[in-house]
Amino acid sequence: MSLMVLKRFKNELIILIAIIFTISAFLYKISAKNFVNNQKSEIISSITEINQVKELKKLWKSKSISKKANIFKTLVSKDKIKNFKKKSGKLIVSYQNLNIKELNKITKNIMNNPFQIEKLEIDKTAKENYSMELICKW
Amino acid sequence: MKGIKILNLMGNANKKLLVHKNMSSFDSNETIDIILTPQFYTFLREELGIKFTYQAKQIAPSIFDDYLEEEKEYQYYVYKCNKYWCFFAYNIKEIVDFLEAKGIKQHQISKIFFAQELAPYIENAISLGDNFALQAIDDISTILPKRLLENNYNYKEIDLKNITLKNGIAISSSYSSLVPLKQTISITILLSILGGIFIFEGNTIKNSIKPDIDKLELLLDKNPKLSSSRIRKSILQQYKPIDTKERKKRDIIENISKLLSANSQLKSLIVDNKKVTAIIEVSNNNIVHQIISKAHNKKLNIKKYGEKQLKVEETL
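Taken in order, these protein sequences are the chains called A and B. With the working numbering, the residue at position 91 of the first sequence is 91, and numbering never jumps. Numbers in the working numbering are just positions in the second sequence, counted from 1, shifted up by 138.
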């Protein structure tokens with residue numbers, strides 16, 4: 001009987017199969033879209049993360065920072081350097097009798113290099129005369 | 139059933155039943171093949187200059203123009219018989235109604251054949267009940283009243299078991315489907331094309347992610363240690379707060395430096411991990427408001443701090 005019914009409704013059955021095929025294809029497209037959306041956001045977030053990690057490590061964990069710290073010994077004359085200590089990723093330096101030009105020069109170097117400022121203290125000791133204490137690490 | 143044999147063919151073949159108006163009732167639920175006698179169809183044999191069956195089917199209704207009752211709906215069947223085309227016109231409803239009356243349900247009918255195919259086997263007439271016989275005359279299966287034959291005519295017994303019939307039609311094909319074949323083909327083609335487009339689009343969408351995957355793979359090849367998301371997050375957790383805090387310290391210092399001039403000089407600046415504090419000395423009170431407004435523009439917390447002094451304090 002079922003075979004008869006199938007034969008009787010052969011055309012309808014063909015259309016039904018075609019509809020099922022089309023719906024399946026449509027669902028495949030939708031699932032592909034969802035899959036890509038999920039994957040894409042995951043991939044982009046991974047790429048962003050990796051790039052961020054690379055940048056941050058390059059900036060705050062660079063091996064060249066230690067060398068750059070030596071510049072604080074040469075920016076002003078030795079008599080103005082009260083204290084200079086550099087060991088195991090840490091710099092302690094104190095200056096005295098700095099004029100505005102020297103103060104700006106040192107500050108600029110602190111600002112433009114990736115030192116982690118633990119303490120920076122600038123005090124005006126006299127007219128156009130400053131003292132500075134800097135503790136930073138990397 | 140006089141003159142009729144219902145025989146099982148070998149294997150899965152169905153029983154064949156020769157159907158005529160005087161036949162007895164059929165009492166079985168088996169699936170059977172039906173052989174219609176000319177009582178149920180109109181037959182025409184034509185020599186036509188056409189090649190294909192579908193062409194013959196197209197002209198079938200016009201071939202029967204003068205032979206059929208106008209008020210009835212007919213179905214047509216055509217096959218090539220030697221140099222001729224054999225045309226059959228039948229009314230499926232009439233046939234099915236008759237078979238049902240004889241106890242044969244529609245679902246029991248596998249295929250319907252025409253007695254015309256028996257013509258080579260019935261040169262001698264076979265009996266169809268008390269009044270009629272079936273005989274091939276000029277190679278055409280014909281119903282004859284028995285009174286036209288001799289009284290002591292020796293009717294042939296036909297063994298349907300050994301006869302192979304080729305031109306059968308499924309009963310379903312006689313009934314027109316709800317959707318005609320042409321529309322079925324059009325709809326199926328359209329739906330298939332649509333489905334194909336969806337699959338193509340799906341594949342295109344899936345492939346669109348490939349450049350990103352390649353980029354990620356390249357990055358991971360260069361930085362194999364960063365392949366784990368947990369490691370990346372742990373590094374980010376370590377360095378992001380440092381980055382944010384240090385950038386903020388520098389921004390504040392830079393903004394404070396923009397408040398300084400010949401009339402406003404730095405008295406002191408203290409930066410640690412919690413806050414940035416600066417005290418600015420001004421030469422006269424007239425520029426205090428100017429500096430305060432400038433500081434507010436830079437979103438710095440500034441307030442007066444004693445005589446001719448301003449204090450900027452920002453927490454980190």
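Just so you know, the hints here were simulated from the structure itself, not pulled from any lab data. It is possible that some hints are incorrect.
Unchecked claim - Derived lysine to aspartate or glutamate pairs resembling DMTMM-like cross-links, with alpha carbons at most 20 Å apart:
id	chain 1	residue 1	chain 2	residue 2
1	B	K412	A	E55
2	A	K124	B	E261
3	B	K249	B	E232
4	A	K40	B	E355
5	A	K63	B	D203
6	A	K40	B	E339
7	A	K86	B	D389
8	B	K299	B	D350
9	A	K90	B	D410
10	B	K344	A	E42
11	A	K119	B	E339
12	A	K54	B	E339
13	B	K378	A	E133
14	B	K294	B	E339
15	A	K54	B	D359
16	B	K436	B	D389
17	B	K413	A	E133
18	B	K320	A	E12
The hints, checked one at a time:
Among the hinted pairs, K412(B) with E55(A) is inconsistent with the structure: their alpha-carbon atoms are about 25 Å apart, more than 20 Å. In summary, the hint linking K124(A) to E261(B) is not supported, as the alpha carbons are separated by about 136 Å, beyond the 20 Å threshold. For a cut-off of 20 Å, the pair hint linking K249(B) to E232(B) stands: about 16 Å separates their Cα positions. Straight-line distance between C-alpha atoms of K40(A) and E355(B) comes to about 13 Å, which keeps the hinted pair within the 20 Å bound.
Annotation: proposed proximity of K63(A) to D203(B) is violated, straight-line Cα distance about 102 Å (limit 20 Å). Note on K40(A) and E339(B): the hinted pairing holds, with a Cα-Cα distance of about 17 Å set against a maximum of 20 Å. Pair hint K86(A) plus D389(B) does not hold up; C-alpha atoms about 26 Å apart against a cutoff of 20 Å. As the CA atoms of K299(B) and D350(B) are separated by approximately 70 Å, the hinted pair breaks the 20 Å bound.
Taking the CA atoms of K90(A) and D410(B), the gap is near 15 Å; set against the 20 Å cutoff, the hint holds. With a CA separation close to 15 Å, the supplied pair K344(B) and E42(A) stays within the 20 Å bound. In summary, the hint linking K119(A) to E339(B) is not supported, as the alpha carbons are separated by about 60 Å, beyond the 20 Å threshold. Taking the CA atoms of K54(A) and E339(B), the gap is about 36 Å. The hint is violated against a cut of 20 Å.
For the suggested pair K378(B) and E133(A), the alpha carbons sit about 26 Å apart, so the restraint of at most 20 Å is broken. A distance of roughly 68 Å separates the Cα atoms of K294(B) and E339(B); the hinted pair therefore is violated under the 20 Å criterion. The hinted pair formed by K54(A) and D359(B) meets the criterion: a straight-line CA distance of about 14 Å does not exceed 20 Å. Under the criterion of a C-alpha separation no larger than 20 Å, the hint pairing K436(B) with D389(B) is consistent with the structure, at around 10 Å.
Pair hint K413(B) plus E133(A) holds up; C-alpha atoms about 16 Å apart against a cutoff of 20 Å. Taking the CA atoms of K320(B) and E12(A), the gap is near 12 Å; set against the 20 Å cutoff, the hint holds.
Consistency note: the structure conflicts with the earlier hints numbered 1, 2, 5, 7, 8, 11, 12, 13 and 14.
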